[in-house]
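Residues per chain, in single letters:
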Amino acid sequence: MPRDMEIALKNTKVAQKEKEPRGRSFFRPWMLILPPAAFFAVFFIWPLVQILAMSFTGPQSGLTLASYAKFFSSPVYLKVIATTFRISLVVTLVCLVLGYPVAYAMTVCSKRVCCLLTIAVLIPFWTSLLVRTYAWMILLQSNGVVNNILKSLGLIRQPLPLMHNELGIYIGMIHILLPYMILSLYPVMKGINRDLILASRTLGAKKGYTFLHVFVPLSMPGVSCGSILVFVMSIGYYITPSLLGGTKDIMISQAIQVQVNKLMNWPFASAISIVLLAFTYGILYLSKKVMHVQKLW
Amino acid sequence: MLWFFTILIVLFLILPVMIIIPMSFSASRYLEFPPPGFSTQWYQAFFGNPQWVNALKISVELAVLTTVLSLVLGILAAEGLSKSEFRGKDTIIEIFMMPMLVPGIIVGIAIYRFEAEISLASTFSGLLIAHTLMAVPFVIRTVLSNLIGLNPNYELASRSLGAGRLTTFFRVTVPIIKPAIFSGAMFAFATSFDEIIVTQFLCGIRITTLPKRIWDGLNQQLDPTITAIAAIVIVIISLVMVLSNSKTLFGREPRSVPQEETDLDDT
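So the sequence lines, in the order shown, correspond to chains A and B. Residue numbers for the first sequence follow the numbering used here, so the first one is 60 and each next one is one higher. Residue numbers for the second sequence follow the numbering used here, so the first one is 33 and each next one is one higher.
Keep in mind the hints are simulated off the structure, nothing from the lab. For every residue, glycine included, the Cβ atom is placed at its ideal position computed from N, Cα and C. There could be a bad hint or two in this list.
What the hints assert, rightly or not - Some but not every residue of chain B turned toward chain A, in silico, with C-beta under 7 Å:
id : residue
1  : Thr-38
2  : Leu-108
3  : Asn-277
4  : Thr-280
Using the sequences and the accompanying hints, generate a full structural model.
Next comes the structure, spelled out in structure tokens:
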């Protein structure tokens with residue numbers, strides 16, 4: 060640090076006292092928030108409020124809860140909710156099971172290997188979602204790469220149905236969301252004090268016991284953070300299920316899309332959107348209150 | 033055991049992405065693997081088709097402008113939030129983070145409806161506004177967390193030496209938080225360049241982005257032309273990743289400096 064800066068640091072308090080009250084400028088730091096806040100108010104909050112308002116309208120004038128009643132009383136839409144939650148839960152659990160060992164391996168290996176693993180996780184992370192879904196379509200279609208390899212190995216005669224069903228959704232979504240899980244787990248695991256592991260070992264605990272009773276509990280903040288993040292992202296998923304999934308079991312986002320594009324039923328689409336929004340923020344709220352997840356991103 | 037699993041999972045992550053590269057040089061008319069021969073037909077098909085090239089051009093322009101606009105808005109918000117204390121500040125931050133957490137389809141229909149009303153839908157500005165909205169949270173998040181951790185004495189020193197607020201910001205604050213700005217810019221660019229859910233509603237006959245063209249190509253028989261542009265993007269991303277980590281990868285293994293931070297950023 061330059062010498063004059065050091066002197067200045069000592070004098071800052073004096074300087075502050077002198078400067079602030081005398082400052083004639085009407086500038087206050089919070090004013091900087093005004094342009095972005097105005098941008099959000101006009102192009103984000105207002106459109107969302109309109110969606111909320113529209114969800115209470117119907118064919119007749121006046122407010123009505125008809126759209127919500129229709130949504131929660133129809134077995135079709137209850138099944139959509141069930142499908143969405145089932146897919147999200149499976150995707151979250153599989154991501155956790157697959158991501159945990161990778162994140163763990165990243166904390167115990169040499170710096171160079173860790174860097175290689177990080178790159179292997181980050182390349183798919185930065186690659187466009189559409190491109191990755193496209194890759195899976197090439198791999199999984201009935202005359203696709205996977206089926207052709209299995210056929211030429213003589214393992215199967217008929218192509219396996221790998222996409223346009225729930226299996227396709229699982230493969231695609233796990234591939235896209237796994238990096239988020241790993242990148243949530245890794246910093247927490249990296250921050251675990253190695254001395255605690257050593258202490259447990261020197262006190263006579265076996266490797267496996269130490270891992271289960273010392274390392275795993277200490278990694279829990281990463282586990283809950285990653286799981287909530289992946290689950291919340293899953294329930295709103297749209298691109299992957301509509302390209303890799305079938306037409307039978309659709310997720311909530313797809314139901315909204317059908318209402319808007321095919322049926323032009325804006326009030327109903329708005330009502331489903333508000334329900335999905337409530338689910339998303341309900342889960343985030345619960346994770347903050349119950350699991351004390353502080354920061355997701 | 034651990035390494036066996038790790039390698040399998042990493043292959044699961046990386047192979048499906050990398051398989052695009054050999055397939056983009058396929059001589060076959062169809063998406064066959066392994067490719068029967070080498071050809072650059074899909075690259076010619078891509079760059080020979082003005083529709084594809086135009087979509088790429090619009091996407092790049094859109095991503096650059098989105099990055100600039102979201103940096104301006106995001107840094108203003110982060111600077112304002114980090115320097116002031118008021119009631120409801122946490123709520124404001126939550127609202128700024130919303131476009132990142134609200135499912136894309138909801139943002140899509142909300143913006144689409146609003147922009148259709150003021151006839152901004154299927155215009156370049158309409159797309160720019162939507163993309164900026166989606167990108168700003170990433171800039172605010174990276175820059176704000178850096179500004180909060182910043183030692184306030186640097187700025188105070190500069191101010192007490194007589195520098196104005198603006199000079200202090202550009203000569204002291206910006207150089208310190210440059211990595212966060214850079215990382216925010218990368219997120220903003222990628223957000224815009226990839227965005228499809230909201231974009232899908234806002235594109236029209238007059239304007240189409242690259243992801244929208246890909247989306248249309250996916251719905252029609254998996255157009256193999258997509259492999260060409262996908263391979264280019266994947267190679268660029270891989271190069272950036274490897275080059276930005278080249279010191280750790282190819283340099284001499286540092287001995288007995290275990291506590292050094294790897295530059296993972298906060299991605």
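Hint-by-hint comparison with the structure:
1. Thr-38: Cβ of Thr-38 of chain B sits 4 Å from chain A, so the hint holds.
2. Leu-108: Holds, because the Cβ-Cβ distance from Leu-108 of chain B to chain A comes to roughly 5 Å (cut-off 7 Å).
3. Asn-277: 5 Å, holds
4. Thr-280: 4 Å, holds
Hint compliance for this structure: no hint is broken.
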